[in-house]
Amino acid sequence: MNKTKYSRRHFLQDIALGGGGLIVLGTFGFRIFKDKDRNLIKAISVDFTKCAGCRTCETACSAYNHPVLINGEKMNGLGNPYYSNIKVYHFNPDVDVPVTCAICPDPPCINACPVAPDMNTGRKALYREANMIIKNDTERCIGCKQCAKACENMRGGVIYPNPETNRPERICTLCDDNPSCVKNCPFGALDFIEMPIDRQLANLAPAKIAERLIEQLYNLNV
Amino acid sequence: MAIKGYYGKILDINLTTGEIKNTQIPEEDIKRFIGGRGLGTKILWDKLPNPGVDPLSPENALLFMPGPFSGLPIPSSSRTCVVTKSPRTSAVNPTYDHGSTVSYSNMGGFFGPEIRFAGYDGICVTGKAEKPVYIKIKDDKVEILDATKFWGMGTEEFDNALIDELGDRKFESCYIGPAGENLVPMACVLNTAARAAGRGGTGCVMGSKNLKAIAVKGTKSLEVANHKDYLNLLSQIRKSFKVDNNEALKWWRYGGTANALASSSRNGTQAVKNYSEGTFADIEKIGTEANREKVWKRDFACFSCALACKKSGIAKGSYSVMVHDGPEYETGTMLGSNLLISDLAGLQKLIAVSDDYGIDIISVGNTIGFLMEAYEKGIIDKAYLDGIDLKWGDVAASLEMLHKICKREGIGDKACNGVKFMANEIGQDSHKFAIHIKGHELAAWNVPVNSGYWSICYATSNRGACHMNGGMPQYQNAAALRDSLAACSFASRWYRNENSYAKFLTAITGVEWTDDEIDKAGSRIFTLEKMFNYREGFRKEDDTIPPKFFENKFTFGDHKGAIVDKNIFANDLDNFYKERGWDIKTSRPKDETLMDLDLEFTIS
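One line per chain: the protein sequences are G and R, in this order. Just so we're aligned, residue 2 is where the first sequence starts under the working numbering, counting upward by one. Just so we're aligned, residue 541 is where the second sequence starts under the working numbering, counting upward by one.
Next up, chain R with everything else stripped away, as it sits in the complex (with noise of 0.2 Å):
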């Protein structure tokens, strides 16, 4: 263990052989890519040389990834991210059968740091059972256990049926619902029955290995290089949590992201039906007020965390139902705005059961608006959506098409498959309409209001659409940072100057971290999983953004009319290829480019 605050090593877990074994990893590839989303990637890039793998096969890997922060308690790095080879995505004009995208996802809770405790830096499963299993950490103790019984439980029983089963409340886990162990391709990994990393299939790729759950237990301590300084930094941002008035904290605990739902709305930046609009004038029945007034009981927080931005309560009213953690911003306006539904216990509903069988709510709730929009306009009729009468604002229509979805029913056979899937099976220029892009459906955010940013952020997403990707280098290579640290974005305010994410880092390690080198890492990290996405047959093509940005405009509201323009899109593109050193043609990172970043190994 040459680097302080890392153990060196990845559980690896091979459940078609059963073989259980600890990986060492190389010094340089930590100095270089940290931990989480970043070596997560650099272990896939690995343990995948060739182009066009199935997802879905064993050889696909499936990587479970704290980072240096995790099981220290450094307020809100509790992150896990998981990384595998993605079963959402495809190329415009594809390379190979499974040319598909790096995917990465992460959550919150107590997973992460857990593994810490373990004495692993990382969990990496490949191959398949023959049956439904679970996997049982305990320190130096692995072994992989049946879960036939567990098997079609949604995640809201099972939460507490592994706990029974484990007879010990300590251990921590995750968990796919029946969503996963049916392949629904948009299926989600999920801890304490709610925090999921909901996107880019990481749930599918779990159920396609036989994996129910992993569960995980530690008493394991690490060493960090500069002790004191590391105390003095932990006592340090510590008390800038504690700040009286300190308004930021106060933001996250009355609401969390759900503050945001009234001002995304007013702002126009909102999915409102199927994105056709950006402000939804019902916003109001499902923002934070109507939360805490009617549904929100308590505000949970992660792994030494002190902004508690998850909400549970009960809704009443339509529905009854226990809420683990809703809305929030993404499930609010997925679910809600964006299907033009206003009905908070309808609302909640939808967001328990998409919850409990383990599915990413945003390409679901994504997928459904579609389905109304092409309704709507007559592309398809009642008897395609199997009797189904989905329209806007439909609360029952919609938990149907849900049902169907997670149980791959019917027609939610097909749509499970997601929006790109969907447009090319009923056709008639629906894609025009289908909000995805490489095949990953776009998130909450809405684009022609500050188009400049969004239609970058998501166009260059390297697992496709998403939000948290951010619409400059900058910040694209800031977020890739903290994915791999295990740090939550929504602190990140707080690291800063005296408490940097460097200065952590550097005490942590021993190794002198500037802001400048960690800058350098996250674009390192950002250009590796593009060279994923190039090998496996991802060009300019595939960066762009759904046509209907550039031909609809907005009804109503402060933005009436916005729109985005093709030509300063294109443009925007280019410059932002410029900028990462990137050739404007292709798409390729410059070979230039590779060797600053100390990515010569992936120059072929």
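The shape of chain G in the complex, shown without the other chains (with noise of 0.2 Å):
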């Protein structure tokens, strides 16, 4: 192909098909993969080429997910990103890479939970709710971090086990199936959509869907 020709547009393409799943890659890349014949399953999109990296979906996150209690009423925290399901990872050529769950079709942290699975539900300590998301069961957790190796080596690692029980946190809830990183990002970069849920899922570590994005945009050979 010719350099000078590959454009923006050939590469969303590619990095729609070959990243795949959570990492839609511009409108089109959505319609890659709707397919009224495979099961769909809503999940947050990302769109790289609008995100401004102002990580006001950490802040959102984070407020919705660790609410206060303030006389007897529960509200929104104040949202320190570092508790945030969603991870902005600020790179230098500038990209920003959004990384959340990207609710596996294969889930590997669930792979990877050792705990045997209970009689009645059939759930390890890690297992899946009716509408996809991941949790962990704290009872029976017992915090071997199996789970989030798992992730960081086949997945986006969003996992972190907590630094004092080791158990798995930062998993994505859905925020009751209306996300909040989605509804406040101020670039409408963030999207919660439907998607098949056997889609296929690599490349999703941050540094790797960096890489791709520098090269494309600030590759000076170009």
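To be clear, the hints were calculated from the coordinates, so they are not data collected in a lab. Worth double-checking, as some hints may not be accurate.
Under the rule of at most 30 Å between Cα atoms (straight-line distance), these lysine-lysine pairs were calculated in the DSBU-like manner [what the hints assert, rightly or not]:
| no. | chain 1 | residue 1 | chain 2 | residue 2 |
| --- | --- | --- | --- | --- |
| 1 | G | K209 | R | K678 |
| 2 | R | K1093 | R | K549 |
| 3 | G | K51 | R | K779 |
| 4 | R | K834 | G | K209 |
| 5 | R | K779 | G | K75 |
| 6 | R | K757 | G | K209 |
| 7 | G | K51 | R | K954 |
| 8 | G | K184 | R | K768 |
| 9 | R | K768 | R | K782 |
| 10 | G | K136 | R | K760 |
| 11 | R | K676 | G | K75 |
| 12 | G | K51 | R | K790 |
| 13 | G | K75 | R | K1060 |
| 14 | G | K146 | R | K676 |
| 15 | G | K184 | R | K544 |
| 16 | R | K1060 | R | K825 |
| 17 | G | K51 | R | K782 |
| 18 | R | K779 | R | K710 |
| 19 | R | K710 | R | K837 |
| 20 | G | K184 | R | K837 |
| 21 | R | K757 | G | K136 |
| 22 | R | K790 | G | K184 |
| 23 | R | K710 | G | K75 |
| 24 | R | K757 | G | K150 |
| 25 | R | K1093 | G | K43 |
| 26 | G | K43 | R | K779 |
| 27 | R | K782 | G | K43 |
| 28 | R | K549 | G | K75 |
| 29 | R | K972 | G | K136 |
Short derived list, chain G residues pointing at chain R, Cβ under 8 Å [what the hints assert, rightly or not]:
| no. | residue |
| --- | --- |
| 30 | M76 |
| 31 | N81 |
| 32 | D95 |
Since this is a predicted model, take the numbers as computed values, not measurements. Glycine included, every Cβ here is placed at the ideal spot set by N, Cα and C.
Got two chains here, separate frames each, mind docking them using the hints?
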């Protein structure tokens, strides 16, 4: 291919097809995945071409998922991004890569969980809810960190073991099916859309995504 | 922690002794000076009880001050104000060898919010490390670590090297480049390799302490006084940024302050050819459209900001260079129009190299413009300039001079001190076109058109010439207040009426703030700075503008013939003092003014 003709559109198409799943780049990326004959789930998509790195999503996620009780009333917290389930990683040359739980069809985290399935529910400590989100049963979790390692090695590396208990945290809750990050993104970079559950998931590590974005945006030789 | 919305403490680090401690901030100071620039100045006042301290001595304090809005996701409130005693300024008639003004300079990005997440309302660095160090802060754990291997590294390389060293991309940091290490007086502090606390020599003070960087990460949360009110305000203000067809928002996203390159040039308010002209004929070559088309790839925002005025891209042509933020109005003017440079890639190269060294682009652009004018006039020759043929519009020559200044090589060792120093060096009436006030170079807004505003704005700036100062007390108070809250001036238009700063501050602190009290707090902060300067020996004769503005007429453009009338300026200045309640002979704030502003402690 002629290098100068390699457009952003081509790039997006390539990365969308190769990267797959949650990483929807540009609006048409979504269309690539939409297939009526396949099972769809609702999940958060990221448009890397729109993210400006402001981290409003982190604060909104943290505020919603870490509420405070004030005079008996439950309200959003103040939103320290450290506690957010979605993370925006900044790289130099300038690109920002938001990463959150991909709600994988073949969750490496659950597969890695060594806790024996419960006789009645069939659930390990780490399990899937009806709306497909992944949860941890803190009563049964042994804090072995295998889930975090699996996510780190095979997907986006979104699971943080709690520094004291080692139990997995930062797994997207979809905020009761109305994600705060999507609602509050000032740049329309996040969307809550239907996508097939059995999509390909690879190369979700922020550094890998950043590498490809940097190559496309700032390649001096193109 | 009596006042909500604060931790009530400063992280105090002495690099000479290695002592690290938390210092309580008196509640009364929080109420009077709020945070950021205001609280920083008060702490500096207390740390330096005697005037004349050498700004580059271990005694000087270097403060990194977020504000009460920092660390809360209040849109466009991520500023960090760096406050110190200036290595740039000096009085016309010095009382002390090292008499200098207060310096404050703020930067956007992510550093200030993270200081607050770590549980501090500010960081104060004093002393001087024996060898290069950096400070690593993770909540209560504070370490002073060796930075020898980083010394000499440009900010571009260091930005990544530090993240590698820390092994955690979620640390936020600020740092100096080689200019600060080399004690170039006009060196600055940067974060994210581009966002700079550019003015007033903050990076030089940091370099004098052998401090390369501060990296911080925090997991803490504050408490606000009226949580529900605060959440309502937050949701309200977020909505106001989301309105469809929000033209102001679009303006910022489209070009940031670079949009002003064309409009300011048209209006005759741009610094062109060392301030000889107000209009640049080739402005479209370096303006927003040219950059959108040829250079910029992405818009970037600071913490919790919807404006995204920072533009990154790749420049190609005479030079190929990664552009982190450029040009915006100041950098595009000072290294572009002011030097008659219209080669866009060349301009981008100059900006990128300046950022990499970590130097104040306003001051260095102004200084190169001064040298170009002196060279053109034959006051200095090529030999004096180490063989550089420093002609107007010459990118290669400007670049060579820039390298020399940042490395303090040859002529650069003199030129790095700025135009006041250079005019003294070369004499021959060159002080008339040395465009500085109190030793601090003027910025990219030219004076003669709208001189009523700009001459007062620059002449009365407490850090020396400053374009963000405001041309009348009301604007100055508002600016001082924003810098103290950590709010960005670019977003101030959204913070009005039901979304006012006063309403936010009331909800956060539980202390009832009105718009009038906000104005008064701004006035208090501005006047404290003035008292700091007065104590250092600055008087009325220091509040002036360079002779060029009284003598030079624009020769082309819609504002051909524009000039400043000396008598009108003198009259405006007197009126300014009267409105401020300052003595019109000495410029000292009157005792009753100081009492009214709760600044009794400054009366000696």
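Hint check results:
no.	hint	result
1	G:K209 x R:K678	holds (27 Å)
2	R:K1093 x R:K549	violated (52 Å)
3	G:K51 x R:K779	holds (19 Å)
4	R:K834 x G:K209	holds (27 Å)
5	R:K779 x G:K75	holds (22 Å)
6	R:K757 x G:K209	holds (24 Å)
7	G:K51 x R:K954	violated (46 Å)
8	G:K184 x R:K768	holds (19 Å)
9	R:K768 x R:K782	holds (21 Å)
10	G:K136 x R:K760	holds (25 Å)
11	R:K676 x G:K75	violated (35 Å)
12	G:K51 x R:K790	holds (14 Å)
13	G:K75 x R:K1060	violated (37 Å)
14	G:K146 x R:K676	holds (27 Å)
15	G:K184 x R:K544	holds (29 Å)
16	R:K1060 x R:K825	violated (44 Å)
17	G:K51 x R:K782	holds (15 Å)
18	R:K779 x R:K710	holds (28 Å)
19	R:K710 x R:K837	holds (24 Å)
20	G:K184 x R:K837	holds (25 Å)
21	R:K757 x G:K136	holds (27 Å)
22	R:K790 x G:K184	holds (20 Å)
23	R:K710 x G:K75	holds (29 Å)
24	R:K757 x G:K150	holds (23 Å)
25	R:K1093 x G:K43	violated (66 Å)
26	G:K43 x R:K779	holds (25 Å)
27	R:K782 x G:K43	holds (24 Å)
28	R:K549 x G:K75	holds (29 Å)
29	R:K972 x G:K136	violated (72 Å)
30	M76	holds (6 Å)
31	N81	holds (5 Å)
32	D95	holds (4 Å)
Of the hints listed earlier, those the structure fails to meet are numbers 2, 7, 11, 13, 16, 25, 29, in rising order.
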